[in-house]
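So the chains spell out like this:
2 protein chains.
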Amino acid sequence: MENKKNSNPNLTNTELQLEMFEEKKPDGTIEAEPVSPEPKPHHDSRTIKKDAALASAAKQREISVSEFFTKNRHLLGFDNPQKALLTAVKEAVDNSLDACEDAGILPEIKVGIIEVGENRFRISVEDNGPGIVKNQIPKIFGKLLYGSKFHTIRQSRGQQGIGISAASMYGQLTTGKGAHITSRIGHDKPAHYYEIQIDTRKNAPIILIDKEVEWESPHGTKVEIELEAVYKKGRRSVDDFIEQTALANPHATIFYSVTGEPPRELSRVTDGLPKEPLEIKPHPYGVELGMLMRMLTDTSAKTLQRFLVQDFSRVSPRVSEDICTKADLSKDMKPSRVQPVQAELLYKAINASKFMAPPTNCLSPIGRELILEGLKKQYNADVYFAVTRPPSVYRGNPFQVEAGVAYGGDLPGEEPVTLYRFANRVPLLYQQMGCSISKGVTQTSWKSYHLQQPKGALPVGPMVLLVNIASVWVPFTSESKEAIAHYPEIVREIRLALMECGRHVSAHIRRHRKETDALKKISFIEKYIPHVGIALKEMLKLDDKQEKAIVETLKDTLQKSRIKTGRE
Amino acid sequence: MENKKNSNPNLTNTELQLEMFEEKKPDGTIEAEPVSPEPKPHHDSRTIKKDAALASAAKQREISVSEFFTKNRHLLGFDNPQKALLTAVKEAVDNSLDACEDAGILPEIKVGIIEVGENRFRISVEDNGPGIVKNQIPKIFGKLLYGSKFHTIRQSRGQQGIGISAASMYGQLTTGKGAHITSRIGHDKPAHYYEIQIDTRKNAPIILIDKEVEWESPHGTKVEIELEAVYKKGRRSVDDFIEQTALANPHATIFYSVTGEPPRELSRVTDGLPKEPLEIKPHPYGVELGMLMRMLTDTSAKTLQRFLVQDFSRVSPRVSEDICTKADLSKDMKPSRVQPVQAELLYKAINASKFMAPPTNCLSPIGRELILEGLKKQYNADVYFAVTRPPSVYRGNPFQVEAGVAYGGDLPGEEPVTLYRFANRVPLLYQQMGCSISKGVTQTSWKSYHLQQPKGALPVGPMVLLVNIASVWVPFTSESKEAIAHYPEIVREIRLALMECGRHVSAHIRRHRKETDALKKISFIEKYIPHVGIALKEMLKLDDKQEKAIVETLKDTLQKSRIKTGRE
Numbered sequence: 233m234e235n236k237k238n239s240n241p242n243l244t245n246t247e248l249q250l251e252m253f254e255e256k257k258p259d260g261t262i263e264a265e266p267v268s269p270e271p272k273p274h275h276d277s278r279t280i281k282k283d284a285a286l287a288s289a290a291k292q293r294e295i296s297v298s299e300f301f302t303k304n305r306h307l308l309g310f311d312n313p314q315k316a317l318l319t320a321v322k323e324a325v326d327n328s329l330d331a332c333e334d335a336g337i338l339p340e341i342k343v344g345i346i347e348v349g350e351n352r353f354r355i356s357v358e359d360n361g362p363g364i365v366k367n368q369i370p371k372i373f374g375k376l377l378y379g380s381k382f383h384t385i386r387q388s389r390g391q392q393g394i395g396i397s398a399a400s401m402y403g404q405l406t407t408g409k410g411a412h413i414t415s416r417i418g419h420d421k422p423a424h425y426y427e428i429q430i431d432t433r434k435n436a437p438i439i440l441i442d443k444e445v446e447w448e449s450p451h452g453t454k455v456e457i458e459l460e461a462v463y464k465k466g467r468r469s470v471d472d473f474i475e476q477t478a479l480a481n482p483h484a485t486i487f488y489s490v491t492g493e494p495p496r497e498l499s500r501v502t503d504g505l506p507k508e509p510l511e512i513k514p515h516p517y518g519v520e521l522g523m524l525m526r527m528l529t530d531t532s533a534k535t536l537q538r539f540l541v542q543d544f545s546r547v548s549p550r551v552s553e554d555i556c557t558k559a560d561l562s563k564d565m566k567p568s569r570v571q572p573v574q575a576e577l578l579y580k581a582i583n584a585s586k587f588m589a590p591p592t593n594c595l596s597p598i599g600r601e602l603i604l605e606g607l608k609k610q611y612n613a614d615v616y617f618a619v620t621r622p623p624s625v626y627r628g629n630p631f632q633v634e635a636g637v638a639y640g641g642d643l644p645g646e647e648p649v650t651l652y653r654f655a656n657r658v659p660l661l662y663q664q665m666g667c668s669i670s671k672g673v674t675q676t677s678w679k680s681y682h683l684q685q686p687k688g689a690l691p692v693g694p695m696v697l698l699v700n701i702a703s704v705w706v707p708f709t710s711e712s713k714e715a716i717a718h719y720p721e722i723v724r725e726i727r728l729a730l731m732e733c734g735r736h737v738s739a740h741i742r743r744h745r746k747e748t749d750a751l752k753k754i755s756f757i758e759k760y761i762p763h764v765g766i767a768l769k770e771m772l773k774l775d776d777k778q779e780k781a782i783v784e785t786l787k788d789t790l791q792k793s794r795i796k797t798g799r800e
Numbered sequence: 233m234e235n236k237k238n239s240n241p242n243l244t245n246t247e248l249q250l251e252m253f254e255e256k257k258p259d260g261t262i263e264a265e266p267v268s269p270e271p272k273p274h275h276d277s278r279t280i281k282k283d284a285a286l287a288s289a290a291k292q293r294e295i296s297v298s299e300f301f302t303k304n305r306h307l308l309g310f311d312n313p314q315k316a317l318l319t320a321v322k323e324a325v326d327n328s329l330d331a332c333e334d335a336g337i338l339p340e341i342k343v344g345i346i347e348v349g350e351n352r353f354r355i356s357v358e359d360n361g362p363g364i365v366k367n368q369i370p371k372i373f374g375k376l377l378y379g380s381k382f383h384t385i386r387q388s389r390g391q392q393g394i395g396i397s398a399a400s401m402y403g404q405l406t407t408g409k410g411a412h413i414t415s416r417i418g419h420d421k422p423a424h425y426y427e428i429q430i431d432t433r434k435n436a437p438i439i440l441i442d443k444e445v446e447w448e449s450p451h452g453t454k455v456e457i458e459l460e461a462v463y464k465k466g467r468r469s470v471d472d473f474i475e476q477t478a479l480a481n482p483h484a485t486i487f488y489s490v491t492g493e494p495p496r497e498l499s500r501v502t503d504g505l506p507k508e509p510l511e512i513k514p515h516p517y518g519v520e521l522g523m524l525m526r527m528l529t530d531t532s533a534k535t536l537q538r539f540l541v542q543d544f545s546r547v548s549p550r551v552s553e554d555i556c557t558k559a560d561l562s563k564d565m566k567p568s569r570v571q572p573v574q575a576e577l578l579y580k581a582i583n584a585s586k587f588m589a590p591p592t593n594c595l596s597p598i599g600r601e602l603i604l605e606g607l608k609k610q611y612n613a614d615v616y617f618a619v620t621r622p623p624s625v626y627r628g629n630p631f632q633v634e635a636g637v638a639y640g641g642d643l644p645g646e647e648p649v650t651l652y653r654f655a656n657r658v659p660l661l662y663q664q665m666g667c668s669i670s671k672g673v674t675q676t677s678w679k680s681y682h683l684q685q686p687k688g689a690l691p692v693g694p695m696v697l698l699v700n701i702a703s704v705w706v707p708f709t710s711e712s713k714e715a716i717a718h719y720p721e722i723v724r725e726i727r728l729a730l731m732e733c734g735r736h737v738s739a740h741i742r743r744h745r746k747e748t749d750a751l752k753k754i755s756f757i758e759k760y761i762p763h764v765g766i767a768l769k770e771m772l773k774l775d776d777k778q779e780k781a782i783v784e785t786l787k788d789t790l791q792k793s794r795i796k797t798g799r800e
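These protein sequence lines are chains A and B, in that order.
My numbering numbers the first residue of the first sequence as 233 and each following residue consecutively.
My numbering numbers the first residue of the second sequence as 233 and each following residue consecutively.
The hints are simulated quantities; they were obtained by calculation from the structure and are not laboratory data.
One or more hints might be untrue.
To be verified - Derived DSS-like pairs (lysine-lysine); straight-line CA-CA distance at most 27 Å:
1. B/LYS281 - A/LYS421
2. B/LYS513 - A/LYS281
3. B/LYS507 - A/LYS281
4. A/LYS769 - A/LYS753
5. B/LYS291 - A/LYS513
6. B/LYS746 - B/LYS777
7. B/LYS787 - B/LYS679
8. B/LYS303 - A/LYS580
9. B/LYS534 - B/LYS566
10. B/LYS291 - A/LYS366
11. A/LYS679 - B/LYS687
12. A/LYS671 - B/LYS303
13. B/LYS513 - A/LYS434
14. A/LYS371 - B/LYS434
15. B/LYS366 - A/LYS281
16. A/LYS291 - B/LYS534
17. A/LYS303 - B/LYS371
18. A/LYS687 - B/LYS679
19. B/LYS281 - A/LYS371
20. A/LYS759 - A/LYS773
21. B/LYS366 - A/LYS291
22. B/LYS291 - A/LYS534
23. A/LYS303 - B/LYS465
24. B/LYS421 - B/LYS608
25. A/LYS371 - A/LYS281
26. A/LYS434 - B/LYS281
27. A/LYS371 - B/LYS291
28. B/LYS580 - A/LYS303
29. A/LYS303 - B/LYS434
30. B/LYS777 - B/LYS787
31. A/LYS291 - B/LYS281
32. A/LYS671 - B/LYS434
33. B/LYS513 - A/LYS291
34. B/LYS752 - A/LYS291
35. B/LYS366 - B/LYS303
These numbers were taken from a predicted model, which means no experiment stands behind them.
Let the hints inform the model, and build the full structure from the sequences given.
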């Protein structure tokens, strides 16, 4: 930008320019070329266009998913330059953590934010993960809706196959430059370097550079993207994201550097990798009729009975046979032969049967001990508490809620509490009030736990709350994965977890009050002990020495009772 | 459903079933199979998986946009059965209105909601539009991201090419049945009937039936979709949508029937079609660097100068030459030869130039007269007012805001005002508080217009507000098009329109108060006139006749002054 200093860093160049060219009216409003404000009704002024159907047909076209999300990039979290920086870093870090954990590697991630010009940054995220097989690199970074996680029922950070290619697309849109990727799958294999752009019209990668390079790492992936962005500190910043990521991923070490800032190392606090979440099959109650019909066509099973056992979780051969009987279908029938009407009978029979709840070894919560450790590391508080709820289910999807709290100490007392939201250990920084987690917090009655709470708002007090939801499929309210949709089952579990936290904080507050009350009483009594001494001295005709001895005894007794009542 | 009566109509069968199988704990919570709540840290228990990169590569797959939206159907407005019914009807009606207007036909639309079973409905939407060319029918109804509106810059209800095929996909998912379409493009052409399903894995239509049929209509399209749904009356119902659609589309006649309800006809109040919105080219300030680079590749123009003039709006040959000079590029250069570095220079030169604002004949607002007529037809109020603001611009996109108000009369006085939100004449029924329009209303200071207003909320009083935004690209907060994103330019225009409405309402309230005050004064004076008569009679020694004459004169004078001060 040569023409004008960008005074508002939240504006893109485009918006700045629009500010320039528009004629401002005296009241500061902007007005485009005026047109007659009243649309004239076209009475009889237009005949029916006979060729309208043909004209429309000529315009019909396929819209590639890249074109769609380019035009709707705010749906992916690329609304403005500040958020774009966060979203791009987030997508890359999420992928790195997923990749390391899948391979059983303790993650070590280097995140760099390099300023390369005015409102231009290059982000660089490098991991020590397993690396990416050469021929997969172009599609993973250069094609939207491509990935390994969408079709499996298993907990992971990424789930859509959109994130990182969207970041690369946004970089290309704003700087004209593609993503640079370096990856290596083993010390005995070469490292590959790619420069990739996206053909948005085809939603396909264009390979600009593809070569072998020298790389010091034995395995891992490094992605670099240049983009129009704004770097800011404070809430919802990249700094904030990195810190919260470290909090929810205590097994990861993150090296973080930003142009002009001292580099930081956020070291892991545990060498234990999270429990590995296992992939599961769909639960029969999660399936919809249309989906069942497709599964019947796609299955490799030779009989209906086998199909139900093999393609679903929690269906035993006996239950499967019962379902076939209920549906009045032969258990030996070929699945692909099932007609629509029969599929509906089968669907009804499934829904009238009883099954065990879905298996939950597909979930990997942070765990209460690590939440506690993380909170203690980050805050100097009086009391810490954490809880991991037992797994529950929404729409056939297993999920598990955990919550942690730090209270008192150095935390500021007169402000709304700080709320950290996580989904599968990923910090959620935007759309706080549209999120189930916030709903769970505001719907909890904190007053009964001795905390102030304005109606329908976060409680007020020296408190930090942390909530994480682990699920095989987190129902986000948009593709940008910023907030969790309001499923009643999820909100209920969040509230139950928070109530446990609330009870512990409440017990502490009560104990603390009791203590304060006792201290007040003691200092009150202490004040009068000398007077009691004087009175006794007069009444019992004691000498000074005896008086002093009695005062000492009284003080001593008080001290003992204080220890007994106040400090236990 | 044979097993259990669906007592909660907001639950799908799946949810009901989940309620059944889960073991409820005494506190009413649901618990899945318990697992150890503490994840065990796997110290040294797992070696690095050497084949992780290969295992992941084997799982990498393309995700079709249909699969993506099947799993994320809440993003499209198909969260629950009640909303699904509304969304499906809305998408079909929007398409019908667009089609009629494009062809210059006064819309006549038949909407039917037919109950076919428990929680099963068939919707039927038939229009008198231009019809759809035979070979386009399967893709329009059986492929997501396919349409004629996405690639044009022009005001229309549909813009994404997702809506109607998503409705058809939801129907298929919940009932296993595809969409049925009948269409005819002229009285001399046959009517075609299709039954179509979507191959979600390929995002492509499967044609089940394709035949010619007898049809009474000379031209038009009829779409029928069977789906799992719940029909309810009241706010955010299909009834509500139909009524609001009639309000914002006074040129349309809608026949509306629901199983078990008397059929209704909502007749048009004007025979004038809306001003036809024209298609425009992108404005140079709306273009981003990546987009500019693609346009340079795609253009049919032979020179750079010609490219800028031909592919953008508001670029004259002279301005184009200036831009080339500023960018230090030859105006005769072939656009496809422009290198990335040169494209960036060109981009900077464009952004350092001045252009006229985008043309606004691409917009078609409802118009203040028709808004007034609509409000008068629907409400018995004391005062009506409407305003259409001049066009404005956000991110290069022209838009125009209009607002209407009805105040007093039969409207309830002690409740928050009713707010109708429209985008390109389409009623927005969900996510009210996340919408720019609501933000515009709550940010307006209604107290200065003599209305009560709780902090940050809608004003309270006997008032109905209507706001419509007309734009070539409405920035919705999600694919389901329920709320408008918070662009400051848009919120500002909404506020300016509402302030005009506020001033008119305020003037009415003040006049009304003055009138009430005057009436009070008059009745007060009236009461004392006879006493004045008696006093005068005594003081001036008048007879009864004279006294009576004076009282009459006084009453007469009062009456005249009342007409003068109160009723003008």
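Each hint, compared with the structure:
1. B/LYS281 - A/LYS421: holds (16 Å)
2. B/LYS513 - A/LYS281: This hinted pair holds, its Cα atoms lying about 23 Å apart.
3. B/LYS507 - A/LYS281: Given pair B/LYS507, A/LYS281 holds - Cα atoms ~15 Å apart, limit 27 Å.
4. A/LYS769 - A/LYS753: holds (24 Å)
5. B/LYS291 - A/LYS513: holds (15 Å)
6. B/LYS746 - B/LYS777: Cα-Cα ~36 Å, so violated.
7. B/LYS787 - B/LYS679: Answer violated: B/LYS787 to B/LYS679 is near 39 Å, above 27 Å.
8. B/LYS303 - A/LYS580: holds (21 Å)
9. B/LYS534 - B/LYS566: holds (6 Å)
10. B/LYS291 - A/LYS366: holds (14 Å)
11. A/LYS679 - B/LYS687: Within the cut-off at roughly 23 Å; holds.
12. A/LYS671 - B/LYS303: holds (24 Å)
13. B/LYS513 - A/LYS434: holds (22 Å)
14. A/LYS371 - B/LYS434: The hint holds at about 18 Å.
15. B/LYS366 - A/LYS281: Answer holds: B/LYS366 to A/LYS281 is near 18 Å, not above 27 Å.
16. A/LYS291 - B/LYS534: Cα-Cα ~24 Å, so holds.
17. A/LYS303 - B/LYS371: Holds, because 22 Å separates the two Cα atoms, which is no more than 27 Å.
18. A/LYS687 - B/LYS679: holds (23 Å)
19. B/LYS281 - A/LYS371: Roughly 23 Å between the alpha carbons, so the hint for B/LYS281 and A/LYS371 holds.
20. A/LYS759 - A/LYS773: holds (22 Å)
21. B/LYS366 - A/LYS291: Since the Cα atoms of B/LYS366 and A/LYS291 sit roughly 14 Å apart, the hinted pair holds (cutoff 27 Å).
22. B/LYS291 - A/LYS534: Roughly 24 Å between the alpha carbons, so the hint for B/LYS291 and A/LYS534 holds.
23. A/LYS303 - B/LYS465: Violated - the C-alpha atoms of B/LYS465 and A/LYS303 are around 36 Å apart, more than 27 Å.
24. B/LYS421 - B/LYS608: Outside the cut-off at roughly 42 Å; violated.
25. A/LYS371 - A/LYS281: violated (45 Å)
26. A/LYS434 - B/LYS281: violated (35 Å)
27. A/LYS371 - B/LYS291: Given that 27 Å is the threshold and the Cα spacing comes to 13 Å, the pair holds.
28. B/LYS580 - A/LYS303: holds (21 Å)
29. A/LYS303 - B/LYS434: The hint holds at about 23 Å.
30. B/LYS777 - B/LYS787: holds (15 Å)
31. A/LYS291 - B/LYS281: violated (51 Å)
32. A/LYS671 - B/LYS434: With Cα atoms ~38 Å apart, A/LYS671 and B/LYS434 exceed 27 Å; violated.
33. B/LYS513 - A/LYS291: Distance ~15 Å between B/LYS513 and A/LYS291 Cα, so the pair holds.
34. B/LYS752 - A/LYS291: violated (68 Å)
35. B/LYS366 - B/LYS303: violated (30 Å)
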